[in-house]
Amino acid sequence: MIDIQDLRVRFGQGADAITAVDSVTLSVREGESFGLVGESGSGKSTVLRAVSGLNDEWTGRIAVAGAEQGPVRQKGFYKLCQMVFQDPYGSLHPRHTVDRILAEPIAIHGLGDADARIGRVLRDVGLGPAFRFRYPHQLSGGQRQRVAIARALVLEPRVLLLDEPTSALDVSVQAEILNLLRRLRAEHGLTLVLVTHNLAVVANLCDRLAVMNRGRLVEEMSVEELRRGAARQPYTLQLLRASQGYDRATAESFQDYA
Amino acid sequence: MANNKTADDTPLLEVSNLRVAFPTRTGMAEAVRGVSFTLGREKLGIVGESGSGKSMTGRSILRLVPSPGQVTADRLAFNGEDLLAASPRRMREIRGRRIAMVMQDPKYSLNPVMTVGRQIAEAYRVHSKAGAAEAKRRALEMLAAVRIRDPERVYDRYPHEVSGGMGQRIMIAMMLIPDPDLLIADEPTSALDVTVQMQVLAILDDLCSQRGMGMIFVSHDLNLVASFCDRILIMYAGRVVESCRASELHAAQHPYTRGLLASLPRIDEPPGDLPVLSRDPMWLEA
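Top line first, the protein sequences correspond to chains A and B. Counting from 1, one number per residue, gives the positions in the first sequence under the UniProt record's numbering. Counting from 1, one number per residue, gives the positions in the second sequence under the UniProt record's numbering.
Just to be clear, a hint being listed does not mean it is correct.
Example chain A residues on the side facing chain B (calculated, C-beta under 7 angstroms, incomplete) [stated by the list, open to error]:
(1) Ser40
(2) Ala200
(3) Val201
(4) Arg227
(5) Ser243
(6) Tyr246
(7) Phe254
Reference listing, derived: stretches of chain A covered by chain B, where coverage requires no fewer than 3 residues with Cβ under 8 angstroms from a Cβ of chain B [what the hints assert, rightly or not]:
(8) 177 to 183
(9) 203 to 217
By construction, these hints were calculated from the structure, which means they are not laboratory data. Glycine included, every Cβ here is placed at the ideal spot set by N, Cα and C.
The shape of chain B in the complex, shown without the other chains (with noise of 0.2 angstroms):
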């Protein structure tokens, strides 16, 4: 696996042997199963199908796994710290402030009862001791950032009066707002049209470059994966098959990630039969 070191020569992440498993009726379902990777301040993509682990991968950085999940690794760091022995005020002070996230779909995590500029405001004053004019002042700031055009109008709008690409945004503005190391962001396009897609993702590209933030990318679409990150991880089944550079994924070797490539349509192909993919035993053990 490239080993990405920062300047001061810690990674910013360290995962490594990083296990997730919820307890079931017939014994332990493993979602994760053995997962090592570091980021550095780079755009790291983590791609798979629907139950390969790819979520609970992000959400157990930030240990969101919720309740009888058990999470277990090797080592999981952030910036040299050990995330799994953090207690839980401590994790309090690293979310939100160090590591962010974004979820897919703002209608669902959005405070529907709070103004939006209200909950941009309250995410800046739980991380720092700035007073509410001060708070305001630097969430319209941010709302601009992401290219809001009326920043002053969509403070005051509720989250049902934005539409959804605004919704994104605004999110990706609450969670950017403390001026976080790391950004986990878990399918932050998936619910956009490509072209509100395309414009949030220049704006978490440039936010990564100017900050020098970290950046995970969970996302489902290879396409996409390949042309923002810089970095890939394929996960199948809870584990990663493969990792590669983005730029190399048309050359990927293991055959699940071939298998998923050629499964795509292709706008540029005559229409035809698709190759379906089908699936190894073996790529469980692999």
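Bound-form chain A, shown alone (with noise of 0.2 angstroms):
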């Protein structure tokens, strides 16, 4: 479903500049769910934001649905995969009510009848027509992730692209968002692609997973692989051991990979 070839991005000119994305190649089947894990900078955002069209700064090969991908985006490429962003807080229009937040992907792509699509995806992700006229500002943080969702399910995309969707939540709506996630995808057979620096998240929701370290592809593994503790490399072995919670003896063995 996304294949992607030696993908470099690079932000910066001259000395200055600096390779966020180094080679990296990878492939998720269709109707598979794909994580992509790393520390902050490790470039995992940068891979699905330049997947998702959104930086048009890379080199490389980006193929989604058997299409090769260019660095600007057609129209069409919106109706077959999507984006859900961390921050609901921030990826909601303040000022328009959730009915015009959702109206909007409905009305760009031409795809009519959006009264009957707008209740359909609303009771999808679990929000009754109650939710329907409200602000974002009298939803809760998990409500406003679930319209987040739906204005990604709205046009019944294919792929659905995931950047860090519950960190911003707390456990419990985390817990709700992720059986969502889990739902949403065997009901329309949803390839997701989740990027988080949560192991135990890409535990419950993927079945494969990719682990980047400073631009590069350390390692990709099954779940399966994950849950024994079976990580070939060093730097996946430190994450592992730090995802466990704190012992003073682990924190003294951390080391810097490059």
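Once you've looked at the hints, go ahead and assemble the two chains, each given alone in its own frame, into the complex.
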């Protein structure tokens, strides 16, 4: 479904240039849920933004659903592939009602039948019709993230790109959103790409994952291997140890991997 | 509640029936509703979700609740001294010197137009009679104590020139240089990567055990608190619903605590729906 080859992203000019993503190659199968894991600055979000068309300064090859993608995307691409962002407080227009937020993508793509589509997608994400004419400030963080997911789903895409979709939420709300994403994936046959720093979230929602560090792909593994702690690279093992809570001796053993 | 007395038998901090309320158009909104605990020279974790009142509890100890918030308590005493009765002048002496606070995000807590070294040295000079050279020497020592590799170089940096993890270490250096007895850390590592988080916690851990400092660690991360602290208070809707030894968190009794623990995804469990917390209105009263 998604095929990335030798992807490079550089920011800045001349001596100040940084390579944020360095020759990353990976592919995500149709219907798969794929996790992209790493610490801040590892380039995981930059990969996602290049795939989604939000960043056009890249080299390499990106193909989505068999179609080669250039730096600038056609409108049809967004019907196929949608994105959900980390911060539901920042990603919804504060002066638009939920109804207007959801109506906009329908109008852009000229789909028609907006009323029925909005009603359906709101039910899909577990928000009743009562939420339809509310403003974002009248919703909780979890409800806002449901609206953001609804906005992505209203176009009935086949691929959903998720950039830290639960890290701004409380753990009890995170559980609700993870359950929702699992159900939506099963019902709509979605392909998910989930960017996160949280290995436990990946273990819960994904089939396969890739670990990134400093712009490079460190290792790819199945979630089954992650669960057994069967990582091969020392960086991944360190990340696994760090996720298991505080331990004085473990903290001492950490090192920087370039 | 466990009663951890210090050697001289006065607890470092006594809090009894602490309440924080904010006036709103529809009456008083209570953010903290009757919290009581005592603290010795130990690491106490306060855990809860957003809006549970955990940060307000930490802030009210330093009397940093913003106006028009109102703080009341039957007793709020530090080393036997009543903090609610202390004059503003006395509070300024206590803040920083005796009780220090580390906030979540170093980006907003450091002065952007002053080098980090001067900020740390200033923190020392405000609370001691040291001269500039002595303060600089102490600041460099402190930077080394929080394991910054090249203190001389970092001393002359501005906050925007350092990474998040280093910024948080600088904040900790600044808070610890007056050698406080109690450190209140409000989500001190939540903005950091997991490996950096562990390293910053190790620094706090060492400083606590070496200096015999007490610490209140406010966090939303149950597993982290359980592995780092000695004792835990779990807050819900402004109240402490449960307190336990950190090592016994997995055996917690209150349905809220149990629900929070169950809703956490785990690496070693197969994928599947997570139990969702259903909130019982009874918890508001319990």
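Problem set entry | Check of the region 203 to 217 of chain A against chain B for coverage (Cβ-Cβ below 8 angstroms, three residues minimum) | holds (count 4)
Exercise. Going by Cβ atoms only, is Phe254 of chain A closer than 7 angstroms to chain B?
Worked result: holds, 5 angstroms
Exercise. Do the numbers back the hint for Ala200 of chain A, that is, is its least Cβ distance to chain B under 7 angstroms?
Worked result: With a minimum Cβ separation of about 4 angstroms from chain B (threshold 7 angstroms), the hint on Ala200 of chain A holds.
For this session: Grab the minimum C-beta distance from Ser243 of chain A to chain B and call the hint holds if it beats 7 angstroms, violated otherwise.
Result: holds, 6 angstroms
Exercise. Holds or violated: is there a CB of chain B closer than 7 angstroms to the CB of Ser40 of chain A?
Worked result: holds, 6 angstroms
For this session: Tell me if Arg227 of chain A is really an interface residue toward chain B, meaning its C-beta lies closer than 7 angstroms to one of theirs.
Result: The hint holds - Arg227 of chain A has a Cβ within 7 angstroms of chain B, the shortest such distance being about 6 angstroms.
Exercise. Taking 8 angstroms as the C-beta cutoff, is the stated coverage of the region 177 to 183 of chain A by chain B satisfied by three or more residues?
Worked result: Since 3 is at least three, the answer is holds.
Exercise. Does Val201 of chain A meet its interface restraint, that is, does its C-beta lie within less than 7 angstroms of any C-beta in chain B?
Worked result: Check passed: Cβ of Val201 of chain A comes within 6 angstroms of chain B, closer than 7 angstroms.
Exercise. Does the CB of Tyr246 of chain A sit less than 7 angstroms away from some CB of chain B?
Worked result: holds, 4 angstroms
Hint check: no violations occur; every hint is consistent with the structure.
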